[in-house]
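Listed in order, the protein sequences are those of chains A and B. Oh and the first sequence: position 34 is 34 in our numbering, straight run, nothing missing. Oh and the second sequence: position 19 is 19 in our numbering, straight run, nothing missing.
Please note that the accuracy of each hint is not assured.
Since the list gives no way to pick out one identical chain from another, each pair is judged satisfied if it fits inside one copy or across any two copies.
Each computed DSS-like pair below joins lysine-lysine, with the alpha-carbon atoms no more than 30 Å apart [stated by the list, open to error]:
id : residue 1 : residue 2
1  : Lys362    : Lys322
2  : Lys208    : Lys196
3  : Lys383    : Lys33
4  : Lys340    : Lys321
5  : Lys246    : Lys196
6  : Lys294    : Lys208
7  : Lys171    : Lys237
Bear in mind the hints are in silico, worked out from the structure with no lab data behind them.
There are 2 protein chains.
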Amino acid sequence: VESDAEAAHAAQTSTVISKLQKIYKSKVLPFEKRYNYPYFFSPHLTDSEFLSKPQVMLVGQYSVGKTTFIKYLLGRSFPGQRIGPEPTTDRFTVVINGPEERTIPGNALSVHPSVPYRGLERFGVNFLNRFEGSVMPSSVLQKISLIDTPGILAGEKQRLERGYDFTEVVKWFAERADLIIVLFDAHKLDISDELKNAIDALKGHDEKIRCILNKADQIDRQRLMRVYGALLWSMGKVISTPEVLKVYVGSFWSEPLQNQENKELFEAEENDLMNDLRQLPKQSAVRKINELVKRIRKARVLGYIISHLRSQMPSMMGKEKKQKQLIEDLPNQFRSCMKKYNLASGDFPDLEMFKEKLRECKFSEFKTLSTSLMSDLDKVLSKDIPALMDALPNENDSAEVLNMKFAA
Amino acid sequence: VESDAEAAHAAQTSTVISKLQKIYKSKVLPFEKRYNYPYFFSPHLTDSEFLSKPQVMLVGQYSVGKTTFIKYLLGRSFPGQRIGPEPTTDRFTVVINGPEERTIPGNALSVHPSVPYRGLERFGVNFLNRFEGSVMPSSVLQKISLIDTPGILAGEKQRLERGYDFTEVVKWFAERADLIIVLFDAHKLDISDELKNAIDALKGHDEKIRCILNKADQIDRQRLMRVYGALLWSMGKVISTPEVLKVYVGSFWSEPLQNQENKELFEAEENDLMNDLRQLPKQSAVRKINELVKRIRKARVLGYIISHLRSQMPSMMGKEKKQKQLIEDLPNQFRSCMKKYNLASGDFPDLEMFKEKLRECKFSEFKTLSTSLMSDLDKVLSKDIPALMDALPNENDSAEVLNMKFAA
Ligand SMILES: Nc1ncnc2c1ncn2[C@@H]1O[C@H](COP(=O)(O)OP(=O)(O)OP(=O)(O)O)[C@@H](O)[C@H]1O
Ligand SMILES: Nc1ncnc2c1ncn2[C@@H]1O[C@H](COP(=O)(O)OP(=O)(O)OP(=O)(O)O)[C@@H](O)[C@H]1O
Ligand SMILES: [Mg+2]
Ligand SMILES: [Mg+2]
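All chains, full assembly: derive it from the sequences and hints.
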């Protein structure tokens, strides 16, 4: 059940995102183009990167109920879904919203412009054959996308049976996910080395991780406490945050509980989890803003370095020699830029990588400093972004306050 | 309620211990005396060290219910007991069995021959004034002794308000305890830095540590799960064993539960804890045997070294010079002993400490190798001790089997 305030939140959040996109296109993209940002760092942002829904990835050993959880969340089966007692799901499946039910093969999905999966090409055709889109109309999928993954197998099997690097793929998705849910079977908890490896693949994303202790209705209360404690004990050793990992306990499917004694607990837990999921769209907006800020700071420094190098090039003779000298002298060049423009050292690119890249360039073709583009960029950081942050819905905002913000 | 088998277990265990004591006195002590073991290592073992009950130490922040737990376990108040909402217990209290109720001041208690607290003298009179014995007749205290401790205070207070090194005292007891119970208040769980320090003081005794999450009836089931999880999460980070820490959840006093919903869980937990305590006498026997074995191995090596050094002394002239040379050459002396008598390097004393000690000795007064004493000692390790281990009661032994073993 969605309240007025929630609906207003959602509308507000998507307005913020589309404003962010406009800012990028009008003020950041021209700057990125002038100084060839993609050559030095990463491709220009596409629409799909702004418009993509928050992504929730499900991971865990086989048969813990990942696929069943998605089905439960959606209220019905999704195209291509396979549920069963053996290791069942054999592919990474992104479950996304769309007008009609269908599956999209991985090769096609990765190049589709409206979804942000282009980067998966690097894992090769073996992986893309095990990658699939599952499209269906769903009110849940209007807010978030879900990523189902194959169950984690024991170490050797993992490597032999899959034709691609499972852990690297999980890492790729983890970086882009807004939430990572690790499922466990309370009935046969097994925090094996392999799962620890998978959790290592989630390193650096500790704050995105939640756990589900599933099938918890199959054991009695005391055993449940022990299993729950054992899970937190072990996870505490591999996850470094001091903040306690959230573990939701319950049985996430539509069948009746096998053991009723924890019914109320499970209901409260499910409630909490759903609230957690409901926060995602807003958090996702904050994350997108943050990432754009990081990107702009890098672009700004790039602009200063490039134009600084350019400004020292002779107009006629000895270009090649000068260019070599400048590359040799790059640490000093960085330092003078830092002083002259008052830049943060943390925003500078890796020296060696940058040297490599520069060797393939012609400095004389570099663009000069554009004070107007630079001041546009500065304004984005000092004015536009803070305004967007203010416009983001606040937990406590009522529908009316939101509408006011929205109108502003 | 004590079963026949349990009573037989207890009798069997104490028989084993008194046999151990006899072995020590007849075969180990003469050896220790011949080679002056106390000078190089630690005092001869006293009767109290054999006969002392398994010790259970209670630690935790103030007001978590340590003193109340002891009262609950004993079924009634103990002499000198103080319970209250402020930081209440201001001393280390050992609660021990005795024919009539009384307290014994710390200074007297530390020198009392029937209890193993002599070593506490090192913490000075400031500590001994805050040390007390509480004696009462109790069936529980016939099996174990309990150590109540002052609540752990916040860092600065700890140092300023106590006139002794609290952490070092905790360490001293931890080394000698058979079980260390760390109590927490479920109602206001606070795993502060100070408590972490205290837990650091318990380092190296991880396998002795149990936790009690007390007053658990004051919160609802979902909060209890969270608190329990948070406790294991945090403890997992400070305790290094992979084996999950045992945490017993409940309300350990005789008042009725405030919240009945977890009644059965708490009963099951209390049962488990009592079983854990019931195992102590037997475990304690194993621990005593183990420690004696370690001691004998050290004594054996000491005997070989001392007699080896003695054997190289001139009978008339140049004693001092030779002694200096031997000390200089101690690493080689160790090596030749190791080869000659086939000794394990791990049983050798610390080289520097040993050199220091030797400088104060007259090698010419050292005793020669006594093959009869040495062969007695070897027999203790190869025959007597294994026989004692076999005689220890087994979990699954019935009363009859135990009586047979006992008779043997
Ligand atoms: N909450 C639950 N309680 C009991 N059984 C469940 C629950 N959820 C799923 N199951 C059962 O567990 C089995 C595995 O379910 P499912 O296929 O969803 O797991 P999975 O984690 O997706 O496994 P895989 O990694 O092999 O794809 C199925 O038989 C399913 O019916
Ligand atoms: N299981 C329980 N449930 C509720 N209250 C309890 C429980 N056990 C003890 N209390 C109350 O908590 C307070 C502190 O108890 P107690 O003095 O036993 O704690 P303590 O850990 O020994 O404290 P200190 O470190 O100050 O000696 C007392 O008021 C006591 O009645
Ligand atoms: Mg599956
Ligand atoms: Mg007390």
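Practice task
Enumerate the violated hints, using their earlier numbering and listing them in ascending order.
Solution key: none
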